[in-house]
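A.B. asks: With the hints as extra help, turn the sequences into a complete structure.
Number of protein chains: 6
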Amino acid sequence: MRFDGREPLQLRPIHIETNYLKHPEGSVLISVGDTKVICAASIEDRVPPFMRGEGKGWVTAEYSMLPRATDQRNIRESSKGKVSGRTMEIQRLIGRALRAVVDLEAIGERTVWIDCDVIQADGGTRTASITGAFVAMAIALNGLVEKKSLTRFPITDFLAATSVGILGTGQAVLDLNYVEDSSAAVDMNVVMTGNGEFVELQGTGEESTFSRSQLAQMLEAAEAGLIELFEKQKNALGETISGKIEANRRK
Amino acid sequence: MRFDGREPLQLRPIHIETNYLKHPEGSVLISVGDTKVICAASIEDRVPPFMRGEGKGWVTAEYSMLPRATDQRNIRESSKGKVSGRTMEIQRLIGRALRAVVDLEAIGERTVWIDCDVIQADGGTRTASITGAFVAMAIALNGLVEKKSLTRFPITDFLAATSVGILGTGQAVLDLNYVEDSSAAVDMNVVMTGNGEFVELQGTGEESTFSRSQLAQMLEAAEAGLIELFEKQKNALGETISGKIEANRRK
Amino acid sequence: MRFDGREPLQLRPIHIETNYLKHPEGSVLISVGDTKVICAASIEDRVPPFMRGEGKGWVTAEYSMLPRATDQRNIRESSKGKVSGRTMEIQRLIGRALRAVVDLEAIGERTVWIDCDVIQADGGTRTASITGAFVAMAIALNGLVEKKSLTRFPITDFLAATSVGILGTGQAVLDLNYVEDSSAAVDMNVVMTGNGEFVELQGTGEESTFSRSQLAQMLEAAEAGLIELFEKQKNALGETISGKIEANRRK
Amino acid sequence: MRFDGREPLQLRPIHIETNYLKHPEGSVLISVGDTKVICAASIEDRVPPFMRGEGKGWVTAEYSMLPRATDQRNIRESSKGKVSGRTMEIQRLIGRALRAVVDLEAIGERTVWIDCDVIQADGGTRTASITGAFVAMAIALNGLVEKKSLTRFPITDFLAATSVGILGTGQAVLDLNYVEDSSAAVDMNVVMTGNGEFVELQGTGEESTFSRSQLAQMLEAAEAGLIELFEKQKNALGETISGKIEANRRK
Amino acid sequence: MRFDGREPLQLRPIHIETNYLKHPEGSVLISVGDTKVICAASIEDRVPPFMRGEGKGWVTAEYSMLPRATDQRNIRESSKGKVSGRTMEIQRLIGRALRAVVDLEAIGERTVWIDCDVIQADGGTRTASITGAFVAMAIALNGLVEKKSLTRFPITDFLAATSVGILGTGQAVLDLNYVEDSSAAVDMNVVMTGNGEFVELQGTGEESTFSRSQLAQMLEAAEAGLIELFEKQKNALGETISGKIEANRRK
Amino acid sequence: MRFDGREPLQLRPIHIETNYLKHPEGSVLISVGDTKVICAASIEDRVPPFMRGEGKGWVTAEYSMLPRATDQRNIRESSKGKVSGRTMEIQRLIGRALRAVVDLEAIGERTVWIDCDVIQADGGTRTASITGAFVAMAIALNGLVEKKSLTRFPITDFLAATSVGILGTGQAVLDLNYVEDSSAAVDMNVVMTGNGEFVELQGTGEESTFSRSQLAQMLEAAEAGLIELFEKQKNALGETISGKIEANRRK
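These protein sequence lines are chains A, B, C, D, E and F, in that order. Quick note: the first sequence uses UniProt numbering, first residue 1, plus one each step. Quick note: the second sequence uses UniProt numbering, first residue 1, plus one each step. Quick note: the third sequence uses UniProt numbering, first residue 1, plus one each step. Quick note: the fourth sequence uses UniProt numbering, first residue 1, plus one each step. Quick note: the fifth sequence uses UniProt numbering, first residue 1, plus one each step. Quick note: the sixth sequence uses UniProt numbering, first residue 1, plus one each step.
Hints were generated in silico from the structure; no laboratory data involved. Check each hint, because a few of them may be wrong.
In this list, chains with the same sequence are indistinguishable; a pair is considered to hold if it fits within one copy or across any two.
Claimed, not checked - Within a straight-line C-alpha distance of at most 35 angstroms, the following computed DSBU-like cross-link-like pairs (lysine-lysine) qualify:
id, residue 1, residue 2
1, 251, 82
2, 22, 234
3, 251, 232
4, 56, 234
5, 232, 56
C.D. replies: Structural data, given as structure tokens:
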């Protein structure tokens with residue numbers, strides 16, 4: 001039994017509140033246990049300089065934490081005048097992951113800006129960000145289709161992320177909270193599409209290592225959790241948008 | 001009648017949700033119409049270097065907006081690597097205002113960090129921040145009293161803020177939303193204590209000027225709104241804390 | 001009687017030396033007691049990106065202090081690599097104040113850059129900057145008229161600023177020097193036009209508050225000082241330019 | 001057959017020149033095909049502030065490229081004034097990987113600084129950096145043992161890294177050069193210890209995804225390459241140091 | 001005959017106004033023709049970290065230009081967030097030059113901060129800064145002697161600087177103004193002590209070169225100008241301080 | 001006899017390895033004793049904004065040291081977020097020096113980027129950089145001639161640099177290594193063309209001064225060393241390129 005009473009392969013409670021903010025083209029407040037992230041998707045009608053004239057779009061992400069999202073207050077990155085390595089790593093991951101399920105040609109020379117702002121942190125903020133950002137992005141891009149700015153719905157599959165790890169006891173567990181994450185020997189983030197393909201695997205032994213059989217165990221655990229997360233995304237998006245995604249996947 | 005159907009001296013709907021976050025010593029989500037700000041108060045057991053050894057505490061504030069709190073996405077200040085003049089002006093104002101109702105000797109060599117993060121903006125974000133931050137700070141400092149870390153409750157009075165302005169029509173109005181704020185000829189922020197004393201007055205003619213009688217009209221309007229705001233703060237804080245504040249004010 | 005022997009409503013000696021520098025289109029050295037500021041106005045034949053194509057001009061200001069303008073040496077902002085919140089607040093104030101008396105349409109797509117560099121500081125540097133910058137700007141814009149680059153003189157009224165405050169004794173005083181400013185309970189900066197309208201009011205209780213009657217007292221004091229400052233500006237500018245300003249005001 | 005004539009599971013030629021520089025405690029020039037990295041290990045007799053007093057050491061890494069290590073000249077990060085997200089990600093990876101095979105208690109309150117400077121880049125610079133840095137670090141730490149500053153040799157196993165990927169043709173290949181890396185559908189970096197345990201797995205579908213069987217193929221390929229890399233490290237380090245590592249591993 | 005009517009070896013008019021500012025321990029306004037620099041010397045009772053505990057003092061300099069010291073307005077270095085290479089080069093030169101005539105042991109663990117702020121620029125700002133800074137520093141250090149904080153006067157000789165150059169015509173000239181400086185083929189700054197020894201020679205062919213005989217001609221010219229500059233410094237400093245310097249030189 | 005056994009006017013062993021890197025248009029690894037610098041020349045087909053449309057080219061340089069090029073590890077300038085004054089001074093010197101022997105009209109609107117990266121430092125890194133960069137630049141520009149991108153070879157003469165100094169003993173010495181450089185009373189860098197003209201002279205008394213006869217002695221020493229350096233450059237460049245330079249010089 002885990003610290004917070006969960007089974008090894010049990011996710012924390014997940015809630016995805018759509019259209020949480022009035023200004024962005026798509027937005028959600030996602031909660032994964034006590035981890036809460038506001039994900040906003042903004043559409044900009046141009047692409048970064050290095051992509052101009054190619055007729056393709058781009059998806060990019062930024063990630064931040066409120067100073068008091070954590071137990072100890074963190075200094076704002078704006079006050080420090082620079083973005084930390086951890087933040088950069090996470091926002092590059094979010095953008096890369098989302099691009100794997102977007103048909104960039106289909107969105108034309110537009111940028112989808114994803115903003116993931118962690119309001120409250122209790123482990124798994126990067127995977128919650130990806131899972132929530134997918135929903136916000138789907139809403140925003142569907143809005144373009146409804147306004148006839150796009151001729152076809154550009155998202156090719158569902159996409160979600162979760163973390164798995166090996167605790168000190170050798171037990172493989174799903175969806176680590178902060179306490180577990182801090183003490184786990186191995187920690188792996190798995191980003192997967194609705195049809196079960198990997199988009200990103202990042203496994204790290206924290207002053208520790210892991211064997212091939214432990215890897216297999218963790219992938220098993222992740223898969224179980226991700227199937228549940230895809231269901232939450234479908235419910236949050238509703239039938240119309242989910243249906244469009246399913247239709248694209250089957251192609 | 002105003003753009004959104006309000007009377008000239010009518011506030012927008014106000015909600016103050018206390019203990020919005022689990023980590024900070026005090027926190028609220030304040031809504032003033034569509035303007036929503038998360039205010040968190042953190043207690044640090046030391047003061048900035050320039051104050052060490054004086055036996056006094058300090059209150060300081062930081063203010064930020066999510067990139068998509070506004071109609072157009074703003075570049076993050078952490079990405080730009082510097083805090084804008086507007087942000088600095090606002091966070092200096094919030095800190096200065098709150099210090100006016102805190103007995104800094106009574107809190108000892110501690111810093112109260114106030115974080116005001118605007119989730120959604122529709123005008124009046126700095127005044128909503130002050131009004132909400134006061135409540136978060138009161139909760140945090142009361143926590144210190146309850147833990148016996150402080151021997152007396154250090155807040156000397158209520159403190160709230162609102163904006164008033166003169167529209168293009170010459171009409172004085174209370175609590176401007178974004179549309180009104182953008183078009184107002186004159187805009188004034190008023191910070192006041194529960195006993196009706198000014199803490200800060202900032203009146204600005206935007207490529208325009210104002211007369212002494214217009215000043216009087218605006219102050220009248222502000223006062224009406226502030227009385228209502230103090231009531232909202234009392235309700236949010238509950239009888240125990242509100243009672244301590246009232247007791248201190250009467251001294 | 002005050003620290004330096006002045007009456008409560010007495011300004012310090014004011015000197016405005018015009019054309020202090022050879023390169024700028026307009027420049028002054030203004031002294032307000034021991035406070036000395038070089039104000040330079042430069043004309044640039046374009047506006048910031050956000051204003052292009054609107055056919056209007058812009059006025060913007062920068063403010064700085066020499067490291068040893070003060071009793072203790074300050075670290076240069078260029079060495080620190082960033083501009084302080086105080087500096088930003090002041091330069092935003094100077095620009096905003098000056099724009100209130102410039103017909104921005106009349107100057108076309110030009111920017112007036114105002115540089116206020118404090119050579120020696122003894123309180124009231126921001127108000128001295130505004131008062132001096134107005135004169136430098138008037139000279140620079142008049143130069144454009146004389147070169148026939150402008151068809152009409154674009155300044156609509158005089159503009160000056162001073163500070164007032166309430167000392168610990170409760171006494172309202174005009175034009176605070178550094179010692180008074182440091183110990184005043186309340187401090188207010190007043191920017192006014194030649195016809196007695198307010199452009200900006202910034203009143204702050206420093207860990208203190210002020211009542212409506214104290215506000216009235218301070219405004220009274222400010223007005224007396226400002227009338228004297230307008231006279232100094234007129235003398236510095238000479239009859240021709242002063243006449244053009246008066247003529248515009250009367251319209 | 002691959003672009004440069006290699007078999008799918010063939011590494012590029014590897015050379016590790018030890019003691020390449022005269023000042024550092026340990027240094028190598030590692031070549032992996034045309035990729036060349038100078039790795040230097042420096043010993044500092046203290047740890048970062050957050051670790052003081054714990055009696056443990058630390059290993060940290062920095063990574064950089066000469067501006068003309070690449071086909072197109074890159075702007076220096078020192079000129080841009082900030083380190084890119086890619087650089088941060090890589091240097092965090094190098095440090096984390098090396099720490100997995102160092103007994104941090106055994107080195108006492110010392111920091112091992114690893115500097116990986118890419119002189120010439122042709123794909124795989126981060127994995128070449130890890131493989132080379134391990135050798136430089138082993139030399140530096142062995143130096144401490146020889147000087148009797150350490151009582152036991154603190155490296156617990158060999159550590160090397162390589163990349164594997166899936167080309168557009170579906171072929172799994174080992175040790176991608178720049179041309180292959182740019183066009184690969186999937187790219188995975190594998191960091192492994194001498195006894196075959198994973199330290200870090202980072203697999204990324206570049207606007208693409210990968211299945212579990214492709215993952216298995218890539219891990220197979222990586223393992224073959226890593227065994228060869230451990231041999232190169234042994235040869236470079238010589239019998240004495242290699243023997244100490246082997247002895248520690250067997251414990 | 002030169003552009004401004006001077007003879008080849010004629011300096012521009014020099015004025016040195018001492019005690020120009022009220023706060024610094026020593027200050028001057030130096031004019032060399034239309035070039036005007038405020039030089040301030042501040043005494044700090046400690047040295048930089050790298051010198052602590054050695055019982056020696058330090059002299060360091062900072063240099064800046066007002067934005068409109070020049071014909072075209074320059075962007076402030078504080079706004080750009082960094083100090084330019086040219087500024088760094090100049091401030092390092094000023095500090096190094098002054099240290100050559102200060103007995104650093106004699107001043108104890110103190111730092112002399114030199115601030116050279118160019119109010120108006122017309123060529124030769126760095127040499128005017130050195131010549132003026134010497135006087136400000138002498139006044140400040142003499143103040144320490146008079147307050148009995150120092151037991152002996154620590155300046156060992158006079159120190160001044162000037163520029164010389166070769167015009168396009170091949171003519172060697174002394175003290176180049178901006179127009180001459182911009183068009184000169186060769187430009188040399190010479191810093192010399194009262195007894196005729198060089199402290200610093202910086203000769204640069206601007207997309208051009210110079211022969212050994214041209215070098216000799218320039219040194220001749222510089223020496224003539226420097227003798228005059230020492231006289232100006234003596235007059236500015238007055239007999240008491242000048243006498244102490246002369247006395248030290250003779251030792 | 002010197003510390004390392006050299007005669008006063010003896011250079012350290014010089015090696016220039018051309019085409020050291022595969023990507024740049026020209027590159028060398030230059031060793032001057034234990035000082036080793038990688039010099040790369042890159043051709044960019046445009047000039048900086050301030051030069052556009054003038055039909056002329058530009059030569060600019062950047063200089064950096066690996067963190068462990070020195071005995072003590074230096075913090076990277078990219079980590080500090082800014083380039084030091086020393087670095088700026090050196091890179092400005094390198095660029096200025098090289099421009100003296102390039103016919104900027106002849107290269108058209110192109111920029112030659114010179115990157116000097118010090119791999120190992122033992123004094124004289126800036127002069128080794130100039131000497132090596134000249135060779136890298138000659139190779140790169142000759143490449144343009146061979147590709148027929150240029151109609152004439154644009155380098156007008158050889159260019160090399162060395163240092164000379166006066167040791168504490170009063171002895172003038174050539175090509176100071178780090179130990180000598182740290183203790184020398186006077187230090188001078190001399191940049192000269194193949195026909196014996198000066199391009200740059202920078203002589204500095206380090207808390208010391210020098211006489212005109214010491215200057216003459218140092219110039220004598222420098223000239224002897226530079227003649228040897230020109231021979232090394234000729235050998236490195238080979239007959240074809242050297243012949244073109246000689247031919248241009250004779251014009």
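A.B. asks: Taking the numbered hints from earlier one at a time, note which ones the structure violates and give those numbers from smallest to largest.
C.D. replies: 1
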